[in-house]
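Trainee: Here is what each chain is made of, one letter per residue.
Protein chains: 2
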Amino acid sequence: MDKIERKQVVVESFNTDFRRCLNYETLGKDLLNCAEQHANKRGFGVDDITPKNHAWVLSRLTIEMQEMPRMFAKLEISTWVESLYRLFTNRNFEIKEIGGNVIGYARSIWAMIDRDTRQPIELEKLYFEKFHDHILPDYPCPIQPQTRLRPLKDVTPCSEHYIVASDIDYNGHVNSIKYIQFLCDIFSLDYQRQHHLKRVEIAYINESVFGETLSFYKKEIEVNTYQVEIRNTPTNTVVRGLLCFD
Amino acid sequence: MDKIERKQVVVESFNTDFRRCLNYETLGKDLLNCAEQHANKRGFGVDDITPKNHAWVLSRLTIEMQEMPRMFAKLEISTWVESLYRLFTNRNFEIKEIGGNVIGYARSIWAMIDRDTRQPIELEKLYFEKFHDHILPDYPCPIQPQTRLRPLKDVTPCSEHYIVASDIDYNGHVNSIKYIQFLCDIFSLDYQRQHHLKRVEIAYINESVFGETLSFYKKEIEVNTYQVEIRNTPTNTVVRGLLCFD
Numbered sequence: 003m004d005k006i007e008r009k010q011v012v013v014e015s016f017n018t019d020f021r022r023c024l025n026y027e028t029l030g031k032d033l034l035n036c037a038e039q040h041a042n043k044r045g046f047g048v049d050d051i052t053p054k055n056h057a058w059v060l061s062r063l064t065i066e067m068q069e070m071p072r073m074f075a076k077l078e079i080s081t082w083v084e085s086l087y088r089l090f091t092n093r094n095f096e097i098k099e100i101g102g103n104v105i106g107y108a109r110s111i112w113a114m115i116d117r118d119t120r121q122p123i124e125l126e127k128l129y130f131e132k133f134h135d136h137i138l139p140d141y142p143c144p145i146q147p148q149t150r151l152r153p154l155k156d157v158t159p160c161s162e163h164y165i166v167a168s169d170i171d172y173n174g175h176v177n178s179i180k181y182i183q184f185l186c187d188i189f190s191l192d193y194q195r196q197h198h199l200k201r202v203e204i205a206y207i208n209e210s211v212f213g214e215t216l217s218f219y220k221k222e223i224e225v226n227t228y229q230v231e232i233r234n235t236p237t238n239t240v241v242r243g244l245l246c247f248d
Numbered sequence: 003m004d005k006i007e008r009k010q011v012v013v014e015s016f017n018t019d020f021r022r023c024l025n026y027e028t029l030g031k032d033l034l035n036c037a038e039q040h041a042n043k044r045g046f047g048v049d050d051i052t053p054k055n056h057a058w059v060l061s062r063l064t065i066e067m068q069e070m071p072r073m074f075a076k077l078e079i080s081t082w083v084e085s086l087y088r089l090f091t092n093r094n095f096e097i098k099e100i101g102g103n104v105i106g107y108a109r110s111i112w113a114m115i116d117r118d119t120r121q122p123i124e125l126e127k128l129y130f131e132k133f134h135d136h137i138l139p140d141y142p143c144p145i146q147p148q149t150r151l152r153p154l155k156d157v158t159p160c161s162e163h164y165i166v167a168s169d170i171d172y173n174g175h176v177n178s179i180k181y182i183q184f185l186c187d188i189f190s191l192d193y194q195r196q197h198h199l200k201r202v203e204i205a206y207i208n209e210s211v212f213g214e215t216l217s218f219y220k221k222e223i224e225v226n227t228y229q230v231e232i233r234n235t236p237t238n239t240v241v242r243g244l245l246c247f248d
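So the protein lines, in turn, are chains B and W.
According to our numbering, the first sequence is numbered sequentially starting from 3.
According to our numbering, the second sequence is numbered sequentially starting from 3.
Keep in mind the hints are simulated off the structure, nothing from the lab.
Computed from a predicted structure; not experimentally measured.
Misleading hints may appear alongside valid ones.
Computed list of lysine-lysine pairs in DSSO-like fashion (alpha-carbon distance at most 30 Å, straight line) [unchecked claim]:
(1) 76/B - 54/W
(2) 54/B - 127/B
(3) 98/B - 200/B
(4) 200/W - 220/W
(5) 221/W - 43/B
(6) 98/W - 9/B
(7) 9/B - 76/B
(8) 54/B - 155/B
(9) 76/B - 132/W
(10) 9/W - 9/B
(11) 132/B - 76/W
(12) 43/B - 155/B
(13) 76/B - 98/W
(14) 5/B - 132/B
(15) 9/W - 76/W
(16) 43/B - 98/W
(17) 98/B - 9/W
(18) 76/W - 5/B
(19) 200/B - 9/B
(20) 76/B - 43/W
(21) 9/W - 43/B
(22) 9/B - 76/W
(23) 76/B - 9/W
(24) 9/B - 43/W
(25) 76/B - 5/W
(26) 54/B - 76/W
(27) 200/W - 9/W
(28) 155/W - 220/W
(29) 221/W - 76/B
(30) 43/W - 98/B
(31) 221/B - 127/B
(32) 155/W - 221/W
(33) 98/B - 76/W
Please build the complete structure, drawing on both the sequences and the hints.
Mentor: Below, the structure written as structure tokens:
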């Protein structure tokens, strides 16, 4: 079986933003759905691991887009596993316009947990047999790995969001992809009209649940580059991020 | 050309809710993307009407689902135009599991406006030629038309939402589909775990824009049947709805 899984998607009208371009939330879902398809066909997808009471947990996600495709564009997303470690696996992505250029790449790091104990699973020990035919270490993913995101200090929240039912996934926590939307929404419509969001880095630190209120923090560390944080209490960080606008 | 347009969609993992079932927001997008595809192929889609500075505006939407399909289900959505009037057109939908049963239907009413004046376009006058080969009045859509939703009186808001950039569409207003999610999110996770949302009626009354705060109101008018409202000021109603849970 090919080590690379490919999935074609169309930028549907009602998945576009105020510019009629693909939004980061839909792109994030497309990437993770492609990852799911890759894993399912190779024996380590949700259907294989749920009966063992295991669940994949997204730990790091970095997306870099030269441009955002417009309404009705046809895309091919490719994904492959770059490496497998004791507790983590690295999975990369390429995003290409069909009949056109590669317009972006993404890197992700995943852990697997036991759904009851929430403890990490020894991936290399328990899943090496499943993975070993599917690792592709040398395929190019020419974007920088995620930077080390340090805690923000001495900041005050710039906005907040009360967690609602549609934010919650099957594991009972806020869906990983929702945080991408929350991070983008820290920035105003005017700012986003003027600046293309070129690179998003997200580090998933803690889980948040229904009924909590998320507070958003940001700090401009270079021109149009923002370190961001989401907390569910003033001292408990849920997500750290870095957003780089053109 | 067939008067009915069909579109196949898969219930992707990252478009499911806390039960691993399709969520109403994604279903709503799937319906409207299918409508867009129907209109585009027949000469009255967004690519045809945007150059004339016209835009489709959703006025009423009613969805009734016997059940919500589970993760990885394959669906076929069908849509057709039931009728065309002076200022409105009625478009219906059928939702079927491929190789299985019809699991739901939807009814919608659309107007077309001039994007600058925001005034309605005389649909029958300007677009009858485009439409007249594509009207299918007799195809069954065995769900009740939308009821008359009267204003809620003497209610206090139960929650609110600050409008963010990702809520906004190309026309500069909150995306029609976002309101479906907002209406569902009036109800707690616990309530939604216990009750299947069988029927949703939405009447789009006024537009709301970036920076406004939406307030949500609900009133139980029969057991598990709620009249709901969204306002952007205490007296200005944006959306009225009716949600019927099992």
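Trainee: Can you list which hints this structure breaks, lowest number first?
Mentor: When the structure is compared with the hints, numbers 5, 8, 12, 29 and 31 turn out to be violated.
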